[in-house]
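Let chain A serve as the given structure and place chain B on it in line with the hints.
Number of protein chains: 2
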Amino acid sequence: MNESIFILKGNIVYSKNQTELAICKQGYLVSKNGKTEGVYQTLPFRLGGNPIHDYGDCLIIPGLVDLHVHAPQYSFRGLGMDLELLEWLEVNTFPEEAKFESLDYAERAYRIFADNLRKSATTRACIFGTVHRPATLLLMDLMEKTGLDTFVGKVNMDRNAPEYLREETEESAEETLEWIKDVLHRKYQNTRPILTPRFTPSCTDELMEELKKLQIRFSLPVQSHLSENQGEIQWVSELCPWAEFYGEAYDRFGLFGADCPTIMAHCVYSGSREIARMKENGVFIAHCPESNMNVSSGIAPVRRFLQEGVRVGIGSDVAGGSTENLFRAMAHAVQASKLRWRIQDQSLQPLSAEEVFYLATKGGGAFFGKVGSFEKGYDFDAVVLDDSRLAHPQPLDIRSRLERMIYLGDEREVRAKYVKGQSIRLS
Amino acid sequence: MNESIFILKGNIVYSKNQTELAICKQGYLVSKNGKTEGVYQTLPFRLGGNPIHDYGDCLIIPGLVDLHVHAPQYSFRGLGMDLELLEWLEVNTFPEEAKFESLDYAERAYRIFADNLRKSATTRACIFGTVHRPATLLLMDLMEKTGLDTFVGKVNMDRNAPEYLREETEESAEETLEWIKDVLHRKYQNTRPILTPRFTPSCTDELMEELKKLQIRFSLPVQSHLSENQGEIQWVSELCPWAEFYGEAYDRFGLFGADCPTIMAHCVYSGSREIARMKENGVFIAHCPESNMNVSSGIAPVRRFLQEGVRVGIGSDVAGGSTENLFRAMAHAVQASKLRWRIQDQSLQPLSAEEVFYLATKGGGAFFGKVGSFEKGYDFDAVVLDDSRLAHPQPLDIRSRLERMIYLGDEREVRAKYVKGQSIRLS
Numbered sequence: 000m001n002e003s004i005f006i007l008k009g010n011i012v013y014s015k016n017q018t019e020l021a022i023c024k025q026g027y028l029v030s031k032n033g034k035t036e037g038v039y040q041t042l043p044f045r046l047g048g049n050p051i052h053d054y055g056d057c058l059i060i061p062g063l064v065d066l067h068v069h070a071p072q073y074s075f076r077g078l079g080m081d082l083e084l085l086e087w088l089e090v091n092t093f094p095e096e097a098k099f100e101s102l103d104y105a106e107r108a109y110r111i112f113a114d115n116l117r118k119s120a121t122t123r124a125c126i127f128g129t130v131h132r133p134a135t136l137l138l139m140d141l142m143e144k145t146g147l148d149t150f151v152g153k154v155n156m157d158r159n160a161p162e163y164l165r166e167e168t169e170e171s172a173e174e175t176l177e178w179i180k181d182v183l184h185r186k187y188q189n190t191r192p193i194l195t196p197r198f199t200p201s202c203t204d205e206l207m208e209e210l211k212k213l214q215i216r217f218s219l220p221v222q223s224h225l226s227e228n229q230g231e232i233q234w235v236s237e238l239c240p241w242a243e244f245y246g247e248a249y250d251r252f253g254l255f256g257a258d259c260p261t262i263m264a265h266c267v268y269s270g271s272r273e274i275a276r277m278k279e280n281g282v283f284i285a286h287c288p289e290s291n292m293n294v295s296s297g298i299a300p301v302r303r304f305l306q307e308g309v310r311v312g313i314g315s316d317v318a319g320g321s322t323e324n325l326f327r328a329m330a331h332a333v334q335a336s337k338l339r340w341r342i343q344d345q346s347l348q349p350l351s352a353e354e355v356f357y358l359a360t361k362g363g364g365a366f367f368g369k370v371g372s373f374e375k376g377y378d379f380d381a382v383v384l385d386d387s388r389l390a391h392p393q394p395l396d397i398r399s400r401l402e403r404m405i406y407l408g409d410e411r412e413v414r415a416k417y418v419k420g421q422s423i424r425l426s
Numbered sequence: 000m001n002e003s004i005f006i007l008k009g010n011i012v013y014s015k016n017q018t019e020l021a022i023c024k025q026g027y028l029v030s031k032n033g034k035t036e037g038v039y040q041t042l043p044f045r046l047g048g049n050p051i052h053d054y055g056d057c058l059i060i061p062g063l064v065d066l067h068v069h070a071p072q073y074s075f076r077g078l079g080m081d082l083e084l085l086e087w088l089e090v091n092t093f094p095e096e097a098k099f100e101s102l103d104y105a106e107r108a109y110r111i112f113a114d115n116l117r118k119s120a121t122t123r124a125c126i127f128g129t130v131h132r133p134a135t136l137l138l139m140d141l142m143e144k145t146g147l148d149t150f151v152g153k154v155n156m157d158r159n160a161p162e163y164l165r166e167e168t169e170e171s172a173e174e175t176l177e178w179i180k181d182v183l184h185r186k187y188q189n190t191r192p193i194l195t196p197r198f199t200p201s202c203t204d205e206l207m208e209e210l211k212k213l214q215i216r217f218s219l220p221v222q223s224h225l226s227e228n229q230g231e232i233q234w235v236s237e238l239c240p241w242a243e244f245y246g247e248a249y250d251r252f253g254l255f256g257a258d259c260p261t262i263m264a265h266c267v268y269s270g271s272r273e274i275a276r277m278k279e280n281g282v283f284i285a286h287c288p289e290s291n292m293n294v295s296s297g298i299a300p301v302r303r304f305l306q307e308g309v310r311v312g313i314g315s316d317v318a319g320g321s322t323e324n325l326f327r328a329m330a331h332a333v334q335a336s337k338l339r340w341r342i343q344d345q346s347l348q349p350l351s352a353e354e355v356f357y358l359a360t361k362g363g364g365a366f367f368g369k370v371g372s373f374e375k376g377y378d379f380d381a382v383v384l385d386d387s388r389l390a391h392p393q394p395l396d397i398r399s400r401l402e403r404m405i406y407l408g409d410e411r412e413v414r415a416k417y418v419k420g421q422s423i424r425l426s
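Sequences listed follow chains A and B, in order.
Its first residue numbered 0, the first sequence is counted upward by one per residue in numbering that gives the first Met the number 0.
Its first residue numbered 0, the second sequence is counted upward by one per residue in numbering that gives the first Met the number 0.
Extracted from the complex, chain A is given alone in its bound form (with noise of 0.2 Å):
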C-alpha cells in the first residue's frame, strides 16, 4: 500500500480512559495507512498538504462497537416484546429464524439489516446469523460490501430447538466447517467467521467438543450468551450438573476465553466466580440494556465489572434490543445502572455518560485489537456527527453535545464514516 495520508478537522472526542473525555475543538485528526495517526489542535508543518476535510463544527468520534446483534431477528425488531427469553425464543425467534433456509428471504431480510447497520454509527459488530450456511454466507458477502469491519457467526443448534431448525450434531459440525471453508475461499477483507454456540441450552457436549476442534484449527473467537436470565440458569444446571457455574459450561470445552476470543452477552446474573473466570480467561462482556429490560431479564453488574476489571463492550442485542441504535444503548445502559441502584444495590454506582461512550468504543473495541480511540495506531474508524438537528438556544460544549448525542442522536446525525481510514457509502 502506497502512503495514503488524510485529515478530517471538526471536534474530536474520544476516551481518555474509561471515566475522562479527551476533547480537542476544531482539531485535526490523521489518518494514515488506515491508522489514526494523531489528534492535532494545530496540524504539524510536516502534514501541511495532505488532505483536509473541513467538518465544520461537527463531532467526531471513535466508530461504535455492538459486540452483540442478531442479524436475522432484525426483520421483528421492537415486535413481540411481552415474553421471557425462553418463551420468546420459542415464540417469536425460532419461526423467524428458520425462514432464512431460504436464499431469497434472507436476502431480503439481511439487505435490510446490513443497509441500516452501514447508515448507523456503527463501524463494527460482532453478528449472530442462523444456522444455515448458505443464508450465513449472503450476510458476510452483504456486510462485505457494507465496508463494515464485523465477526460473522453461523449458528450451531442440536438440541432443545424446535425440529425445523435444529441441527445433528455431525451435521452441525460438518456444515461449521463448510461455512469455514467457504469464508476463507472468499477472502473477504472486513469479515471474518466467529464460532456461534448459541448457548448450551442448545449444544451438546458432542457439539462443543466438535466446535472446539474447529476453534483450534481455524484459530477461531467465539460468541455466545451467558447468565442472561434465571430459567435459563437453572435450565443449564439441569443439564451441566457437572458445572459449578453456567461459564463453566463453555470453559470445559475451551470455548471461554482461556485460548481464543470469546465475547459472552448479558450476564445478568454473573456471581463471583464466574466474573473471576471472565476475568482470568479475557472473556468479553456485551452489555444489553435495552434487551435486558425488554425480555424481563433484569440489570447487569455493569459497575463490578468495571471494578474487577473485567472487559466489555455494549451490545444493541437485536432483537432483544429493539434498535442497531447503539447511541441508545448508551443511554439505556446509564439509565438501567440507575435504576439498578435505585432498587437493587446501593453499593454499585451509576454509570456517567463518559463510561458508556467509553464501553461503546474502546471497551468493545478491543476485541477488534485496537480499535475504538483516536490514540496513535488505533485502526482509522471515525464517525463524523453532524448534530445541528437537535437545535438548542444556547451555547453548548462539546462534551455536552456528546452526552445530548447519546440521549438523542441517530442515523441522521451521522455525516461521514470511516472505517479502517476507507470512507464508508452512506446514501
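Just so you know, the hints here were simulated from the structure itself, not pulled from any lab data.
Don't take each hint at face value.
Only pairs whose alpha carbons sit at most 30 Å apart, straight line, appear in this in silico DSS-like list of lysine-lysine [claimed, not checked]:
| # | chain 1 | residue 1 | chain 2 | residue 2 |
| --- | --- | --- | --- | --- |
| 1 | B | Lys144 | A | Lys98 |
| 2 | A | Lys24 | A | Lys34 |
| 3 | B | Lys369 | B | Lys144 |
| 4 | B | Lys98 | B | Lys24 |
| 5 | B | Lys211 | B | Lys8 |
| 6 | B | Lys211 | A | Lys118 |
| 7 | B | Lys211 | A | Lys24 |
| 8 | B | Lys98 | B | Lys8 |
| 9 | A | Lys31 | A | Lys118 |
Below, chain B alone, put in the same frame as chain A:
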C-alpha cells in the same frame, strides 16, 4: 359553524379498552364538526360525497397526550443526566429557567420547543413554563399557533429556590392573577391556563392559599409534582409536618383534585393512603418513566394505579425525560414496568403495548375531556403514521406495526395530524 365533514382512510387503531385495541384495516374515520363521527369498514352511503383523504397503508391513531412536560427545559434535553432530582434542579434546571426572564431568549428557546412538539405525534400537552409571566404568555402564543391543544402554566415558587428565580409570596399571586387576565384577553382557541405550583418544597402555605383563591375564581385546573424522590418526600414531611402523606400538602389547600381537575407527575413512591386519596379525588397521575430513570428516582407502580382505578396518563417530563417523543415514553413505560416486576415486586405484572398505548391516548386524554379515542363524540385528534421507513421482509399485521412504532417511531413517521378536526401544519 357550518357542518364540516371529512374522512380519513387507512389502518385505524385505537383503544377498545385498557387492554385491547380496536383495529379497522383499510377503514374510514369520519370527522364531523371537529368530533369523531365514527369508524367504518365500509363507508355508509349517507357519507358519500364528503372529502376523503386516502392515506393508503398508513396507520391512523388518536393523537398522543403528554400529561407532563417542561417547555423551558427543552433546551437542555439529554444533558446533565448525572444528578438526582434535588441537585438536578439546583445545577441544571434553575439556572436555565432563570434565562427566561429575557423574552428574547424565551422566544428562541420556546420556538424550538413549539416547532418540535408540532411535528411530533403529540396533539395535547400539559406544559410547565417558568415563573416569568411574559415568557409564559409568549409560550402560550407560540403553542396557540401550532394548533395543538394545550394547558400551559406559569410556575409558582416562593421558597427554596435561588434568589434570582424566587418570587415573593404576594408577587407570585399577583403575577399569576395578571397572567390569567392576560390569557383571558388573548382569547386563545386551543391554549388554556393551568395553575402550576412547582411542588410543595417551592411553595409556602400562604402561596398555596392564594393559588386556591385563583383556582376558585377562575375555575382553573392544577398541575404539580408528587412523591418523585425519597429525599423530596422527606423534605416535604419536614416542611409540612401536619401532612400524613405528601399529597395532603396539596389536598389541604384544595389543590389535589377534589374540586379541580389535577395532574400530579411521577407518584413513584405514593403509598396506599396517597393512592386512595388520588382515586377519591380523581387526580390524574402523569407517569414519566424516562425521567424516573434519568434522575434515578425509581419506577412508579403503574399496574397498581390501574388495578385500583386511579386515572393515569403518560408524560415525557422533558428535561427529566430527554425527548418529547411519546412513542419512546411508551416504550420506557413497558421497559420500566418489566424491571420493576423483575427486581422489585413480582406481584405487579409488566405493562403491555396495548396498555401503554391506552395511557398515552385515552388515559391521559380524559384530562382534556372526550379525547384520545375514535369512539363517537370524541374530539377528532388523529395522527397519520407512515411507517415505511421501518423496512421489513415479512408481512406485518396492524397490531405489530403499532407495537413497532412504540419502540422505533418518531416524528419522521408523522405524515399528517389533526386536532379537533383541524389539520396541523407539519413542515
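Status of each hint after checking the structure:
{"no.": "1", "hint": "B/Lys144 x A/Lys98", "verdict": "violated (50 Å)"}
{"no.": "2", "hint": "A/Lys24 x A/Lys34", "verdict": "holds (21 Å)"}
{"no.": "3", "hint": "B/Lys369 x B/Lys144", "verdict": "holds (23 Å)"}
{"no.": "4", "hint": "B/Lys98 x B/Lys24", "verdict": "violated (49 Å)"}
{"no.": "5", "hint": "B/Lys211 x B/Lys8", "verdict": "violated (46 Å)"}
{"no.": "6", "hint": "B/Lys211 x A/Lys118", "verdict": "violated (54 Å)"}
{"no.": "7", "hint": "B/Lys211 x A/Lys24", "verdict": "violated (52 Å)"}
{"no.": "8", "hint": "B/Lys98 x B/Lys8", "verdict": "violated (46 Å)"}
{"no.": "9", "hint": "A/Lys31 x A/Lys118", "verdict": "holds (24 Å)"}
In this structure, the earlier hints numbered 1, 4, 5, 6, 7, 8 are contradicted, and the remaining ones agree with it.
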